[in-house]
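Colleague: If you're matching positions, the sequence shown starts at 1 in my numbering and goes up one per residue.
Accuracy of the hints is not assured; some may be wrong.
[As the list claims (entries may be wrong)] With a Cα cut of at most 20 Å, we get these calculated PhoX-like pairs of lysine-lysine:
| id | residue 1 | residue 2 |
| --- | --- | --- |
| 1 | Lys475 | Lys337 |
| 2 | Lys445 | Lys475 |
| 3 | Lys450 | Lys337 |
| 4 | Lys361 | Lys434 |
| 5 | Lys475 | Lys368 |
| 6 | Lys434 | Lys444 |
| 7 | Lys317 | Lys225 |
| 8 | Lys495 | Lys225 |
| 9 | Lys299 | Lys265 |
| 10 | Lys361 | Lys489 |
| 11 | Lys86 | Lys426 |
| 12 | Lys337 | Lys361 |
| 13 | Lys371 | Lys337 |
Quick caveat, the hints were computed from the structure, so don't treat them as lab data.
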Amino acid sequence: MSTKTDTPREPGPEADAGSDLGTAGSQLSTAPTEDVSFPSLGPLGWARWFWRQLTSMRVALLLLFLLSIGAIPGSLIPQTSVDPTKVDQFKADHSTLAGIYDKLGMFHVYSSVWFSAIYLLLFISLIGCIVPRSWQFVGQLRRRPPAAPRRLTRLPAYTTWRTDVAPDEILGAAQRLLKKRRFRAHRAGSAIAAEKGYLREVGNLVFHVALIVMLVAFAVGGLWKSEGNKLVTEGDGFSNSLTQYDEFKSGPFYDTDDMEPFGFKLHRFDATYERTGPQRGTPRTYRAQVSYFLGADGKQHRSAIEVNTPLDIAGNKVFLLSHGYSPVVTVKDGRGKTVFHGATAFLPADPKNLTSTGVVKVPGAQTKDGKRNQLGFQAMFVPTFGGRGTGSMFSQFPALDFPVLSVNAYHGDLGLDSGLPQSVYKLDTKRLKKYQDGKGGILKKMLLPKDRVERHAGSKNKAAVRAAEEQTTMKLPNGEGSITFEGVKSWASFKVSHQPGNGLALTGAVAALLGLAASLFIQRRRVWVRAEKGADGVTVVEMAGLGRSESARLPEELAGLAGALFPDAPPAPDAESGTEPGARPEPDAGPAPDTEDPAEPTDSDGTADPSEGARA
1 MSTKTDTPRE
11 PGPEADAGSD
21 LGTAGSQLST
31 APTEDVSFPS
41 LGPLGWARWF
51 WRQLTSMRVA
61 LLLLFLLSIG
71 AIPGSLIPQT
81 SVDPTKVDQF
91 KADHSTLAGI
101 YDKLGMFHVY
111 SSVWFSAIYL
121 LLFISLIGCI
131 VPRSWQFVGQ
141 LRRRPPAAPR
151 RLTRLPAYTT
161 WRTDVAPDEI
171 LGAAQRLLKK
181 RRFRAHRAGS
191 AIAAEKGYLR
201 EVGNLVFHVA
211 LIVMLVAFAV
221 GGLWKSEGNK
231 LVTEGDGFSN
241 SLTQYDEFKS
251 GPFYDTDDME
261 PFGFKLHRFD
271 ATYERTGPQR
281 GTPRTYRAQV
291 SYFLGADGKQ
301 HRSAIEVNTP
311 LDIAGNKVFL
321 LSHGYSPVVT
331 VKDGRGKTVF
341 HGATAFLPAD
351 PKNLTSTGVV
361 KVPGAQTKDG
371 KRNQLGFQAM
381 FVPTFGGRGT
391 GSMFSQFPAL
401 DFPVLSVNAY
411 HGDLGLDSGL
421 PQSVYKLDTK
431 RLKKYQDGKG
441 GILKKMLLPK
451 DRVERHAGSK
461 NKAAVRAAEE
471 QTTMKLPNGE
481 GSITFEGVKS
491 WASFKVSHQP
501 GNGLALTGAV
511 AALLGLAASL
521 FIQRRRVWVR
531 AEKGADGVTV
541 VEMAGLGRSE
551 SARLPEELAG
561 LAGALFPDAP
571 PAPDAESGTE
581 PGARPEPDAG
591 PAPDTEDPAE
601 PTDSDGTADP
611 SEGARA
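Model the full structure from these sequences, guided by the hints.
Modeller: See the structure below:
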């Protein structure tokens, strides 16, 4: 026995009625047969459909969400534009994952193709949303509020009472009252139509325009920005030119020929640290005392740069990044001639206690007989020596309490003439030879700063001076020179940032917050007041309100308006219910039952359907 499950479908209406079940299925359904054919859209139709989808609010929100999600990798994964060293380290540590990230553009998220596509689509979507909404809102402002619906009892907030005052007097008083409450009000037939809360739509439009302003600001900041880092030692200065930067990057439209002529000089760096307790060694004060100028012949101005207090010069902000030490050394060659004297910046290997490493390169040194003999020194500096008695070099505090410099010496060819770039913080030892200490090891020595040792020893004590020279100077073998540790200066690292879109982005952000607050907390609503003579000659007053969204404040506001109108339209005595004159009407909190009005009103000019009010 076999079962066949793919029964062929018979053509015709009976087969359609039963869907895939054919004639048997048609007996289970009484639904009428529908023959629907969809027209072909064509290229223009598909273009219109795509444009309508792109400019819809849901797609704009989706793109904004995707943009937020897309920015997450830029915060979690090292970026080439921010720290190329970390990117190289990440690639070395995660070779397989780095290959995937590189193909996806994760190391340059904000300039990747996919992030730029989301950015541009969001920009186009917001413009497509805002332009038609703006024209629509302008049209609403030019139009008067719609006339009152025929049955006000069907609106969410409603109240009514009877009065002996003439309808014209009531409508005039209602119009004055509504205008006093900042409603746009006009008379339409036997009713006053009023509307309020247009700032809700204004806030909505301002919010979306502000998003566009922020996107434009980010684009301007990315295309015309520039950032550069510069390490400056005490007593040295900086001028804003491309060759002065240690590292510089800029946007594609930034013109280095238009760099603002300014500069500054670092006079002193003040640093204090916590000396006791669990926070020992924590910085308390980081302050760079500088003088700056604007223009080639600009006047000098004194200022201080701190971590959270940048210096603003000609639209550029100078930020304080980090701090370290620059040992001052003097190098003499075999002829006894001083071939190097100055401060050399050392980079911290221990950010907490500032144990630092650096090199000193002396390409102009010679031997006693005048032969070329380039010198190179690898050194480690500790501001507070903690290896007493052990021979090890480490710092136990970041301040200059007990500075020590440990030096290793090399000679030969530094490789500076090869034309290949070299780091000023590393020594290429491929062509260099180590100076030997006579025991088969490399020549090295721990040095103390000469200025401190001399102050401690006293200049008149010759023996102490000679002992101090032994402590501060390392002599090279065969009389080929010496290196003397003269003292220590501080250095500070600065970032000079030019971000032309920051002010525009801040304006957009503030406007977006204000617009969002207005769209959330302001309710757009309409109020109608109708007054007509009843069959018994008594005026029937009806008040109703309709908001764009449901809110408990609408009945409260309508109650306040009715109470304010009550002195101009006091209720008439009702013989049947016994209502006394002076009793205030109570508005309903919800829609009234679907009953006829107490007195059937006539249609006003351009009678509005209740659904029209729902579009408020």
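Colleague: If a hint holds in the structure, say so; if it does not, say that too.
Modeller: Hint check:
In summary, the hint linking Lys475 to Lys337 is supported, as the alpha carbons are separated by about 14 Å, within the 20 Å threshold. With a C-alpha separation of about 10 Å, the suggested pairing of Lys445 with Lys475 holds against the 20 Å cut-off. Distance restraint check for Lys450 and Lys337: the Cα-Cα separation of roughly 19 Å lies within the 20 Å cut-off, and the hinted pair is therefore satisfied. Proximity of Lys361 to Lys434 is assessed by CA-CA distance (about 14 Å); at most 20 Å being required, the pair is judged to hold.
With a CA separation close to 14 Å, the supplied pair Lys475 and Lys368 stays within the 20 Å bound. The straight-line distance between the Cα atoms of Lys434 and Lys444 is roughly 10 Å, inside the 20 Å bound, and the hint therefore holds. Taking the CA atoms of Lys317 and Lys225, the gap is about 12 Å. The hint holds against a cut of 20 Å. This hinted pair checks out: Lys495 and Lys225 have alpha carbons roughly 13 Å apart, not beyond 20 Å.
Straight-line distance between C-alpha atoms of Lys299 and Lys265 comes to about 13 Å, which keeps the hinted pair within the 20 Å bound. Annotation: proposed proximity of Lys361 to Lys489 holds, straight-line Cα distance about 18 Å (limit 20 Å). Taken as a hint, the Lys86 and Lys426 pair is honoured in the structure, with Cα atoms around 18 Å apart against an allowance of 20 Å. With a C-alpha separation of about 16 Å, the suggested pair Lys337 and Lys361 falls inside the 20 Å cut-off, and the hint holds.
About 14 Å separates the Cα atoms of Lys371 and Lys337, which keeps this hinted pair within 20 Å; it holds.
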